[in-house]
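Undergrad: This is what each chain is made of:
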Amino acid sequence: MCTYRTELVPVRGSGKGASGWFRVTDASVYLDHPIHAPAGHTLNIDVRNPSLGPAARVALELDAPSARALAEAILAVVDTAPTALLEELTS
Amino acid sequence: MTDAMRAETIRMTGHGGDEIEGYLAQPIGDGRPAAAGVVVIHHMPGYDEETKEITRRFAANGYFALCPNLYSREAPGASPDDAAAVARAAGGVPDERLVGDVGGAMDLMKALPGANGKIGVIGYCSGGRQAFLSAARLPLDAAVDCYGAFVLSDPPEGLPVAAKSLRPLVMDVGCPMLGLFGADDKFPTPEEVAELEKLLTEHGKTFEFHSYDGAGHAFFSVDRPSYRAEAAMDGWEKIWDFFGRYLAS
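Quick note, the sequences are listed as chains A and B, same order.
Everything in the first sequence is counted per numbering that gives the first Met the number 0, starting at 0 for the first residue and increasing by one.
Everything in the second sequence is counted per numbering that gives the first Met the number 0, starting at 0 for the first residue and increasing by one.
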């Protein structure tokens, strides 16, 4: 089923899409039928830059354990980063 | 009878007079009988190859079939998966716009040379809900809801687009309805399907529902692990029978 629920997150950084690197500004997180992954439903993440058009997108379709592991890994890395480095990351 | 068909991307008029993209498949050739039209509503992942294949399947069986690209406005010219991502970020398709786009597809097919004037609609997944919505809002002749969720209940909170329960519209369903569901589906659950069946009965509507054991959501999707050959094959037979009865000249 399509859950209809989409979490929208403003982001800042870069991503590599079909035509190379680009600045990213927005991310969508939702649970829905995948386009490519061999599953009925996946946790989908689109990291995008709408101002550059629909193709400016880095897409992920993950099963639930992968999505959770990825989220935890991101938090673990960010949470254990040296304070000075974190300040540089957020500046 | 010839089995020739023509299938192509066209521009069509949708909600509010907007020009949108659509995929039209039509039987061609001399001496063919007048044809009914079927509006194919794509699922939330978009206007994809598999939905176009379904559209062609109707033409191969003697129907005009038109699938409006519901994401034309958000992402004109984009690949279907990128367009779906844009539409998803925008919260999906507003109900009012969907009705206008399906109405535009209906009008276009009624005006095609060789049309018999009858129009049906079919939708899968979120399109199943939208087929139900269309049946309540448009002068259609038949509607097929394939496992549409959130027909009687509101989708979860936090939705940018107001896609509300269609419960108040049950009484307005104006055409015969065929519902095809998987008994293992959780959205909609067999209980929700039973409730919808009860409401349609109470309102004196013409409908038939079939639920398939061993099938869950999206059992028609040939490109997904959810595909269930037995249910899908029987489902197609039910569709041909249903449209054959209600869309004939």
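Don't read these hints as lab results, they were simulated from the structure.
Just to be clear, a hint being listed does not mean it is correct.
Partial list, derived from the structure: chain A residues whose beta carbon lies under 7 Å from chain B [unchecked claim]: (1) 32; (2) 37; (3) 39; (4) 48; (5) 56; (6) 60.
Pair ranges (Cβ atoms, derived) [stated by the list, open to error]: (7) 17(A) to 6(B): 24 to 30 Å; (8) 27(B) to 9(A): 49 to 55 Å; (9) 112(B) to 18(A): 18 to 24 Å; (10) 70(A) to 106(B): 46 to 52 Å; (11) 12(A) to 202(B): 39 to 45 Å; (12) 198(B) to 62(A): 33 to 39 Å; (13) 59(A) to 27(B): 41 to 47 Å; (14) 95(B) to 86(A): 24 to 30 Å; (15) 18(A) to 152(B): 38 to 44 Å; (16) 63(A) to 228(B): 25 to 31 Å; (17) 9(A) to 29(B): 46 to 52 Å; (18) 190(B) to 13(A): 43 to 49 Å; (19) 32(B) to 9(A): 55 to 61 Å; (20) 248(B) to 18(A): 33 to 39 Å.
Yeah, the Cβ is synthetic: ideal placement off N, Cα and C, and Gly gets one too.
Undergrad: Against this structure, judge whether each hint is valid.
TA: Hints, verified against the model:
| no. | hint | result |
| --- | --- | --- |
| 1 | 32 | holds, 5 Å |
| 2 | 37 | holds, 6 Å |
| 3 | 39 | holds, 5 Å |
| 4 | 48 | violated, 11 Å |
| 5 | 56 | holds, 6 Å |
| 6 | 60 | violated, 10 Å |
| 7 | 17(A) to 6(B): 24 to 30 Å | holds, 27 Å |
| 8 | 27(B) to 9(A): 49 to 55 Å | holds, 50 Å |
| 9 | 112(B) to 18(A): 18 to 24 Å | violated, 43 Å |
| 10 | 70(A) to 106(B): 46 to 52 Å | holds, 47 Å |
| 11 | 12(A) to 202(B): 39 to 45 Å | violated, 53 Å |
| 12 | 198(B) to 62(A): 33 to 39 Å | holds, 36 Å |
| 13 | 59(A) to 27(B): 41 to 47 Å | holds, 43 Å |
| 14 | 95(B) to 86(A): 24 to 30 Å | violated, 48 Å |
| 15 | 18(A) to 152(B): 38 to 44 Å | holds, 42 Å |
| 16 | 63(A) to 228(B): 25 to 31 Å | holds, 27 Å |
| 17 | 9(A) to 29(B): 46 to 52 Å | violated, 59 Å |
| 18 | 190(B) to 13(A): 43 to 49 Å | holds, 47 Å |
| 19 | 32(B) to 9(A): 55 to 61 Å | holds, 56 Å |
| 20 | 248(B) to 18(A): 33 to 39 Å | violated, 51 Å |
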